Amino acid sequence: MHRNPQSGLIPPANGAWAWLAPGNSWGWSNAGLISDGEESLLVDTLYDLELTDEMLAKMRDAEPLANNIDTLVNTHANGDHCHGNELVCGAEIIASSASAAEMAELPPEAMAAIVAMAPDMGEMGRYFLDCFGQFKFEGITFTPPTKTFEGELHLQVGDKPVELIEVGPAHTRGDILVHSPKDRVVYTGDILFIEGTPIIWEGPVNNWTEACRRIEAMDVDHIVPGHGPITDKHGVAAVRQYLEFVHEQARQRYDAGMSAFDAAKDIELAEYSAWSDPERIAVNVDSLYREFRGEQAASDVFELFARMAALAGYDVATP
Numbered sequence: 001m002h003r004n005p006q007s008g009l010i011p012p013a014n015g016a017w018a019w020l021a022p023g024n025s026w027g028w029s030n031a032g033l034i035s036d037g038e039e040s041l042l043v044d045t046l047y048d049l050e051l052t053d054e055m056l057a058k059m060r061d062a063e064p065l066a067n068n069i070d071t072l073v074n075t076h077a078n079g080d081h082c083h084g085n086e087l088v089c090g091a092e093i094i095a096s097s098a099s100a101a102e103m104a105e106l107p108p109e110a111m112a113a114i115v116a117m118a119p120d121m122g123e124m125g126r127y128f129l130d131c132f133g134q135f136k137f138e139g140i141t142f143t144p145p146t147k148t149f150e151g152e153l154h155l156q157v158g159d160k161p162v163e164l165i166e167v168g169p170a171h172t173r174g175d176i177l178v179h180s181p182k183d184r185v186v187y188t189g190d191i192l193f194i195e196g197t198p199i200i201w202e203g204p205v206n207n208w209t210e211a212c213r214r215i216e217a218m219d220v221d222h223i224v225p226g227h228g229p230i231t232d233k234h235g236v237a238a239v240r241q242y243l244e245f246v247h248e249q250a251r252q253r254y255d256a257g258m259s260a261f262d263a264a265k266d267i268e269l270a271e272y273s274a275w276s277d278p279e280r281i282a283v284n285v286d287s288l289y290r291e292f293r294g295e296q297a298a299s300d301v302f303e304l305f306a307r308m309a310a311l312a313g314y315d316v317a318t319p
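Residues in the sequence shown are numbered consecutively from 1, following the working numbering.
Keep in mind the hints are simulated off the structure, nothing from the lab. These numbers were taken from a predicted model, which means no experiment stands behind them. Mixed in with the good hints there might be a few duds.
Unchecked claim - Straight-line alpha carbon distances no greater than 27 Å define the calculated DSS-like cross-link-like pairs of lysine-lysine that follow: (1) Lys160 / Lys147; (2) Lys160 / Lys233; (3) Lys147 / Lys182; (4) Lys182 / Lys160; (5) Lys182 / Lys136.
Make a model of the complete structure from these sequences and hints.
Here is the structure:
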């Protein structure tokens, strides 16, 4: 795991905060808080209750309005951005309609069951535990959104307008950006992995690169990614360029008749190999191959984890 140069509660702008995880690898996600007047809005919760409780305690110490959060926005369906929802008592929970549907497919108890099975799954299970074994999925109550939207939703936090902008499907089916123009801040969820390898669970990749371009065009000073340190537009461009590079490399190998996994092994990542979790290239190429074939159904997630484990150096047999 790459360590973030800063972690904990960071005030990037007056009345807008970022919660930065200590690292940027699997499950170590960021969040945010926007407050004004007598209102507050939380952007995302964390992967388990202990992590979320620590974050909320720090926010309450720094910002009294965090003691009664009015609105919680989940940027997408992955559990490291919504498993702590139950701790934000009384808040309206907002997500895109696509995210709300996707959240129900892998609730916390499912992750707890997979972690419990992992010791019997050989080297692939060891890889899975190395990714997720430090999180505590037992005892989490699945707490879905109470309000959904499609496209854009405009909110008000005190005197601050806050824009929710749906840019998925991309990383997942319903990714959204949370833009606070008055604070000149945008919270991107997992549209941005900074110094870490993005993972294309859904696609199409063009939606993701267009989301990056949309961020690049925003009049903002602070860009809070889903994983990694606070960044600027150079960081956004780097993510976009990675996605464009992988798309080009995968297309060449698809046209040459290579399998998705052979293509993933063959692509030379060059400077991107220094980003955390470079083995995610296996998922990214698989998703791009599905896109090239016009297929909607996702590949088996255990097979994808086996491929990533093999690329990460674990002794896993793959087809």
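Evaluation of the provided hints:
1. Using a Cα cut-off of 27 Å, the hinted pair Lys160 and Lys147 holds, with the two alpha carbons roughly 20 Å apart.
2. Proximity of Lys160 to Lys233 is assessed by CA-CA distance (about 23 Å); at most 27 Å being required, the pair is judged to hold.
3. About 24 Å separates the Cα atoms of Lys147 and Lys182, which keeps this hinted pair within 27 Å; it holds.
4. In summary, the hint linking Lys182 to Lys160 is supported, as the alpha carbons are separated by about 6 Å, within the 27 Å threshold.
5. Using a Cα cut-off of 27 Å, the hinted pair Lys182 and Lys136 is violated, with the two alpha carbons roughly 37 Å apart.
Violation of the numbered hints given earlier is confined to hint 5; every other hint is satisfied by the structure.
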